[in-house]
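Asker: Okay, here's what each chain looks like letter by letter:
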Amino acid sequence: MKPVLQVTGLRKSFGGVVAVDGVSFEVHEGEILGIIGPNGCGKSTLFNCILGQLVPSAGDIRLDGVDVTGSTPEAMNRRGVSRTFQLLQVFPELSVRENLILAGQEHRGTMLARLFGPGDAGLTAEADRMIGFFRLSHLADAKAGSLSYGQQKLLDAAMAFMAGPRLVLLDEPAGGVNLTMLADLKERLRAMNAERGATFVVIEHNMDFVMSLCSRVIVMVEGKVLMTGTPAQVRSDPAVLEAYLGN
Amino acid sequence: MSTPAISQRAATATHRTIVRTHAGMAELVAYIVAGLATGAIYALAAIGFTLVWQTSQTINFAQGEYVMLPAILILAGVSFFGLPLWAAALLGGLVFVAVFGAGFKIAVVDPMIRHGVLPLAIATMALAIIMKEGAKDFFSSEAQTFPSPFPAGAVDILGVSLSMQHIAIIAVAFIAIGILQWFVSRTRTGRQMQATAQNPGVALILGIPVARMVMLTFAINAALAVLASVLVSPLYLAKFSNGEVIGLFAFIAAIVGGFNQVRGALGGGLIVGVVDSLAAAYISSSYRLAVPLALLVLIILIKPEGLFGRREERRI
Amino acid sequence: MTEVVAPSPPPSPPVARAASGLSRRLDGVLLTLIAGAVLLWFLPVGMGRYGTYVLTLWLVTSIAVMGLNLTLGIAGLKSLAQAAFMGIGAYTTAILGTKFGVDWYSCFLLSGLLSFAVGLLLGFPALRVKAHYLAFVTLAFATLVWLVFRNEQWLTGGTFGIANIARPTLFGIRTDGALAFHRFVVVVTLVLALALWWLIRSPWGRAFLALRENPIRAASLGVDIRAYTLLAFAIGSAYGGFAGALYSPLVEFIDPSPFALSASFMLLLMVVAGGSGYQLGPFVGALVAVALPEWLRFTGGLYLIVFGVVVLLLLIACPQGILGLAERGWNALRARLGAGAAEPSR
Numbered sequence: 001m002k003p004v005l006q007v008t009g010l011r012k013s014f015g016g017v018v019a020v021d022g023v024s025f026e027v028h029e030g031e032i033l034g035i036i037g038p039n040g041c042g043k044s045t046l047f048n049c050i051l052g053q054l055v056p057s058a059g060d061i062r063l064d065g066v067d068v069t070g071s072t073p074e075a076m077n078r079r080g081v082s083r084t085f086q087l088l089q090v091f092p093e094l095s096v097r098e099n100l101i102l103a104g105q106e107h108r109g110t111m112l113a114r115l116f117g118p119g120d121a122g123l124t125a126e127a128d129r130m131i132g133f134f135r136l137s138h139l140a141d142a143k144a145g146s147l148s149y150g151q152q153k154l155l156d157a158a159m160a161f162m163a164g165p166r167l168v169l170l171d172e173p174a175g176g177v178n179l180t181m182l183a184d185l186k187e188r189l190r191a192m193n194a195e196r197g198a199t200f201v202v203i204e205h206n207m208d209f210v211m212s213l214c215s216r217v218i219v220m221v222e223g224k225v226l227m228t229g230t231p232a233q234v235r236s237d238p239a240v241l242e243a244y245l246g247n
Numbered sequence: 248m249s250t251p252a253i254s255q256r257a258a259t260a261t262h263r264t265i266v267r268t269h270a271g272m273a274e275l276v277a278y279i280v281a282g283l284a285t286g287a288i289y290a291l292a293a294i295g296f297t298l299v300w301q302t303s304q305t306i307n308f309a310q311g312e313y314v315m316l317p318a319i320l321i322l323a324g325v326s327f328f329g330l331p332l333w334a335a336a337l338l339g340g341l342v343f344v345a346v347f348g349a350g351f352k353i354a355v356v357d358p359m360i361r362h363g364v365l366p367l368a369i370a371t372m373a374l375a376i377i378m379k380e381g382a383k384d385f386f387s388s389e390a391q392t393f394p395s396p397f398p399a400g401a402v403d404i405l406g407v408s409l410s411m412q413h414i415a416i417i418a419v420a421f422i423a424i425g426i427l428q429w430f431v432s433r434t435r436t437g438r439q440m441q442a443t444a445q446n447p448g449v450a451l452i453l454g455i456p457v458a459r460m461v462m463l464t465f466a467i468n469a470a471l472a473v474l475a476s477v478l479v480s481p482l483y484l485a486k487f488s489n490g491e492v493i494g495l496f497a498f499i500a501a502i503v504g505g506f507n508q509v510r511g512a513l514g515g516g517l518i519v520g521v522v523d524s525l526a527a528a529y530i531s532s533s534y535r536l537a538v539p540l541a542l543l544v545l546i547i548l549i550k551p552e553g554l555f556g557r558r559e560e561r562r563i
Numbered sequence: 564m565t566e567v568v569a570p571s572p573p574p575s576p577p578v579a580r581a582a583s584g585l586s587r588r589l590d591g592v593l594l595t596l597i598a599g600a601v602l603l604w605f606l607p608v609g610m611g612r613y614g615t616y617v618l619t620l621w622l623v624t625s626i627a628v629m630g631l632n633l634t635l636g637i638a639g640l641k642s643l644a645q646a647a648f649m650g651i652g653a654y655t656t657a658i659l660g661t662k663f664g665v666d667w668y669s670c671f672l673l674s675g676l677l678s679f680a681v682g683l684l685l686g687f688p689a690l691r692v693k694a695h696y697l698a699f700v701t702l703a704f705a706t707l708v709w710l711v712f713r714n715e716q717w718l719t720g721g722t723f724g725i726a727n728i729a730r731p732t733l734f735g736i737r738t739d740g741a742l743a744f745h746r747f748v749v750v751v752t753l754v755l756a757l758a759l760w761w762l763i764r765s766p767w768g769r770a771f772l773a774l775r776e777n778p779i780r781a782a783s784l785g786v787d788i789r790a791y792t793l794l795a796f797a798i799g800s801a802y803g804g805f806a807g808a809l810y811s812p813l814v815e816f817i818d819p820s821p822f823a824l825s826a827s828f829m830l831l832l833m834v835v836a837g838g839s840g841y842q843l844g845p846f847v848g849a850l851v852a853v854a855l856p857e858w859l860r861f862t863g864g865l866y867l868i869v870f871g872v873v874v875l876l877l878l879i880a881c882p883q884g885i886l887g888l889a890e891r892g893w894n895a896l897r898a899r900l901g902a903g904a905a906e907p908s909r
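Chain order of the listed sequences is X, B and F. For the first sequence, counting from 1, position 190 maps to 190 in the working numbering; every step adds exactly one. For the second sequence, counting from 1, position 300 maps to 547 in the working numbering; every step adds exactly one. For the third sequence, counting from 1, position 46 maps to 609 in the working numbering; every step adds exactly one.
Worth flagging that the hints you see were computed from the coordinates, not collected in a lab. Where is the CB? At the ideal position from N, CA and C, for every residue including glycine. Keep in mind that a hint or two might mislead.
Using C-beta positions, here's what the derived DEER-type ranges look like [as the list claims (entries may be wrong)]:
| # | chain 1 | residue 1 | chain 2 | residue 2 | range |
| --- | --- | --- | --- | --- | --- |
| 1 | B | ALA349 | F | LEU896 | 33 to 41 Å |
| 2 | X | LEU115 | F | ALA726 | 38 to 46 Å |
| 3 | X | LYS224 | F | ALA790 | 32 to 40 Å |
| 4 | X | VAL55 | B | ALA349 | 42 to 50 Å |
| 5 | B | PHE385 | X | VAL55 | 25 to 33 Å |
| 6 | F | VAL665 | X | SER146 | 30 to 38 Å |
| 7 | F | ALA880 | X | SER146 | 21 to 29 Å |
| 8 | F | ARG789 | X | THR180 | 55 to 63 Å |
| 9 | B | PHE385 | F | SER820 | 18 to 26 Å |
Derived coverage of chain F by chain X (criterion: at least 3 residues anywhere in the stretch with Cβ under 8 Å from a Cβ of chain X; other residues may be distant) [claimed, not checked]:
| # | region |
| --- | --- |
| 10 | 755 to 767 |
| 11 | 782 to 790 |
Could you put together the complete structure from these sequences and hints?
Answerer: Shown next as structure tokens:
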């Protein structure tokens, strides 16, 4: 397995506070990598650095071996990395289908070609497939803002897959989602991984969700990587237990 | 510019130069004092603008009209009801604070604030039109003289002749701002108001009567506008269209000084007043407005928190 | 922490449905535009010179409002300079036409192009500053442009203005008469409205909406925030320039006063009064502001107050504007009659 993403010695400080302190890891093709850690351990900052929302203070980020450190979010997305945010980020006034078309359209041709091309950028069929895949077909024409929280989370995840990304970073996809919907989401992500070979990095607080979904888990504490291992290894590691229960 | 001293042919060239330089200096000082006087008035308007913006997210595009209208109301009180000036001023001021302070807050801000900042800002534009056209249609489309509450004439200070009126305006405005500053920082209610301005959410949790504090800022804004109106109208005459320029200067003062500070608005007002006065005197009277505007754009692009403002933490 | 500060988006936008076939492209907006153009072609017959003039002025104003509706209503960028762009177009057309004898069509294109270019430049601060500061930058710009119109007498005639602006000729037919020029404007308005209709339904329109609703999420989906922000500004401004290029020959004499800051405020009020983000909103907003006063002569000189009060009450009752109010009423009616009826055209 070759690495899709390589993060080396990544560091991010805000004033005097070091949020991410020398983190290195690799993401392999086709895997689902989990990142866990107590609140404030720097997980979201790590994501923001990888995705270009923040500029890292030090270290480098390679995508398929190419240095992409400090790229803009738009550029990262066009290189095939997509993400979801911790808080819900759908476009409430657009319909579910429009949300998905939007998520895919910027990957279709040049800006000028899109202006004179079809209004849906030729993505309606693909959007409807994605809607079907996430079992939202009955809501395709509903405004995204009118969906339940869990349904919006599904839509949010679906948007991240729309452009056929190389790598998907999910920031707490299970947060605030009820149990039925959670099982649904997990199953869909797994299917995405199995059927389309999508590679994931998932930040999550919900241990059961991470342990049953991911093949490998990184534990972060206070901006550093505490350990990396399989879910079973992580579960039985005394240092991890201490990090979680000790405070 | 042709002072008697210069016209005296007997004077030597050296002497002439000295006198001319002296005259130039005196002129400069006079322009600066005139600028400080109008600047102090802009500061009053800018402080109200800032207070209202902070406590209730209301960008008041009618701020200039707020300064225009009280003088018109007072003149209307004199000419329609035959009131003596002091009574008209008192009554006009009270009516204005009631209608455009409290009434504005209850009738416009309260029902609209949940829709967000933009519709409310646009509503204040509609209000500006109503105030302006109202003053024009129901009172007069002509500029009206407004009696100055201060003695006319000039005083000589260190050989520089300064307008009494300018000095009195600066004094009154500074006393008013001083009282406001004392109220805000020294009294219990004032501190509660300040807390509300800084963070309404936290203020609510602390048990501060936020709604009452917001109401208070609207009343203070209206009262400051009345004062500014009484001070500015003797200088510029009372006219329905005065609000456009005054409002523009109040925005510029608030932004140049820093949106989140009373002293910022004060500093901004004074700077803008002086810059305007000097631009009119030395650069070009037809482009005098361009200089403060350029200053505004420069500040927004280079130091958006204003000269005296605190940088707000950036929210993603 | 990613905190979404809710700068509550302007009223509900019209969201173009993803059209799969040509039949679905024939939507309500398009039908209304075409039917409206046909109606307006014949409407002024027998209306007299002045009535026709008011109708034409309404259309010209609508073009400027359409542009601002794109910038503000669709893309959410707060601009207080639309009248300045209208002025740039009007003066470009007047100066090139009267002093250099350039034909109107070239003037029209150059007016749009110049406004586009200036709008692009003005868009750059939009990339740097927060929402309400942008409003103040555009406010400063509008005032500066107005100062230039007033002071540069050698170019603009200053307060004396520019007179004798010729009306265009179409296929050898002169449009000097009120009716002929009105019809000419109807056609130009229709073309511009259709172009905007296309734009809003294109992926660009969707990206503009995304810009307004959630720029951070949009960027993470590959939407080029810089490019779309500048384009929304520039295209909206170009419509201001187009409107100006029609305004000049309509009034045949221009001076700086109709392009002052207060005029920009009025155009903004029209966007909101009609229904910010609704594609037909600009026509409704401009109708209320331009044509209604003429029909409400009984108010005497008070029509601006009436307009102000109407807009204020409308905003308090329904910030989504007249079309928002109509949609709300329509939905209520539909709910009462049971679903199944068609969507209202927007």
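Asker: Of the numbered hints stated earlier in the document, which are not met by this structure?
Answerer: 5, 6 and 8
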